[in-house]
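Modelling step: build the complete structure from the supplied sequences, incorporating the hints.
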Amino acid sequence: MPEDKPLTGNMRPDGEALDRESYERGGGYRALRKVLGGMTPGAVIEEVKSANLRGRGGAGFPTGLKWSFVPEKAPHPRYVVANGDEMEPGTFKDRLLLERDPHQLIEGMLLAGFATRSDIGYVFLRGEYKLGAQRVARAIAEAYDAGYLGRNILNSGYGFELYLHLSAGRYMCGEETGMLNALEGKRANPRAKPPFPPVSGLFGMPTTVNNVETLCNVPHIIEKGALWFRSLSRTKDGGTKLYGASGKVKRPGLWELPMGTTIREILVQHAGGMQDGVRFRALLPGGASTDFLTEEHLDLPMDFNELQKAGSRMGTGTMIILDDQTCPVGMVSNLEHFFAQESCGWCTPCWSGLGWVERILRAMENGGGQQGDLEKLAFQTKFWTPGHTFCALAPGAAEPLQSALKYFRADFERHINEKRCPWK
Amino acid sequence: MLTPDERAEIEAELAHYPHRKAVCIDAMKIVQKHRGWLSDDALSDIGALLDMSAADLDGIATFYNLLFRRPVGRHVIYLCDSVSCWIMGSDRQCGHLSERLKIAPGETTADGRFTLLPIVCLGACDHAPVMMVDDDTHFDLTPEEIDRILERYA
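Same order as they appear, the protein sequences are chains H and B.
Here our numbering is used: the first residue of the first sequence is 304, the next is one more, and so on.
Here our numbering is used: the first residue of the second sequence is 885, the next is one more, and so on.
These are computed hints drawn from the structure, not numbers from a lab.
Note that the Cβ used here is the ideal one computed from N, Cα and C, for glycine as well.
Mixed in with the good hints, there may be bad ones.
Below, computed lysine to aspartate or glutamate pairings styled on EDC-like, alpha-carbon distance capped at 20 Å [to be verified]:
id, chain 1, residue 1, chain 2, residue 2
1, H, Lys489, B, Asp1024
2, H, Lys553, B, Asp1024
3, H, Lys489, B, Asp940
Derived, one-sided and incomplete: chain H residues facing chain B with beta-carbon distance under 7 Å [as the list claims (entries may be wrong)]:
id, residue
4, Arg473
5, Gly556
6, Pro561
7, Thr565
8, Leu638
The following block contains the structure:
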């Protein structure tokens, strides 16, 4: 396997999934054997901590630290949940990992399970990922047949059961505690925290929730070591990252690159630059719920700290490109429609505020903008902050809106003053 | 009454969870797969198996995008209306579908062949615009491509 692409280097060029044998030939399940052959759960956690693996679902929380939150003497059964909901608009990275190398995810879950002394795992997949679901289900069956799942795995005394859950579809399911409610057969409203899932999660038991890409990194860290993993990256955050680009670029796509690759390198070398006839205007670096960045930010390395310093977030690392032929107000209107529709309706700033903003933006696009609208929009974004809201949905919705008001103010004003969308 | 197939599939899921109620979303998906949508009777049938009220199930069913409490056509078209597809012109594809099928989003054709639904990001943004028809995802849509795709669904 190419050393510099641990997540994707082993994948088949024909688009089929790696089966168990081909996954093993590429080094698969060696990390599991290593761990079961004599590592302690604490040593696994230390290795992952030392690798500086940060959560790839968007928040960037240190994975080893998250695992250490499950108290050693906590009751059983304990759960591990792989978050494969991937409903963040503009994000298409976990799909690849699920469809092309499902055993890598299973091994990652087994290692997370061992580290947290967990007994049962669920792969939570969005319902629309039909091909991913088929392939994960087949891989789970293969792993049971080979003795990698079930009781007494490889005669180690450790046991782990793994099930696949297909969602019925709602963005809220991607929120950690919303996902746990969905797995319990409820509406996916977020839960009050504390207690946090490592103490009281699924069915009230200790639970660890990690993103699919995060978990897929773990077998490589355990097999090759934290030092090697850190050396893959150009910044302090360890490893590679699946970066993507969509919008009017020449070659939209997904690439596994060193963590900290610059935006410009991804945009120009990998995505081929802008399509003929359109010019770059701005980008959302990692999905719908990240702040816009512009030309001045193109030489920033894509990692958690650097983009935060620039006033945005790396999020999922899949960039959405805005060009000069596309209306920025229309784009924000589309984004806020999404957030308003997918809000669970639990807390007022979210269900009421998002709906209000959606209506203002839609009116503006249709020539009904009013003086004072921009102040109303800005006021709402200040309300959608942690502490005012129950979860991160509304704060996420604030990010593209507040940055659009900053970078595209003149475009908003033209909509209001000319009573029309200049792009229509 | 649940059919023997429906009951067997739901019971297989019951083995994966510690509580019966936890299976309700899977159960509704299973029954919808067989019957096309979830009628009041369907909810009562599921409730009887899982010890839940139909009202409780209704509150859950209406929360989720992929559970239908109204009849749908033989094929369901899910057209992505999220941001990357919007940038790549999904409004035009939606207009084309509406015109060709003579229905607005959310409606079913008079012959019961298609229901057209907007759906959130389908996670294939490098091939926008994208839609799903039933279980299949279709990429890089153009009006001509859409016409060819629709032919395949009788």
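Now the hints, each set against the structure:
no.	hint	result
1	H:Lys489 / B:Asp1024	35 Å, violated
2	H:Lys553 / B:Asp1024	14 Å, holds
3	H:Lys489 / B:Asp940	9 Å, holds
4	Arg473	5 Å, holds
5	Gly556	5 Å, holds
6	Pro561	20 Å, violated
7	Thr565	20 Å, violated
8	Leu638	6 Å, holds
In summary, the structure is inconsistent with hints 1, 6, 7 from the numbered list given earlier, while agreeing with the others.
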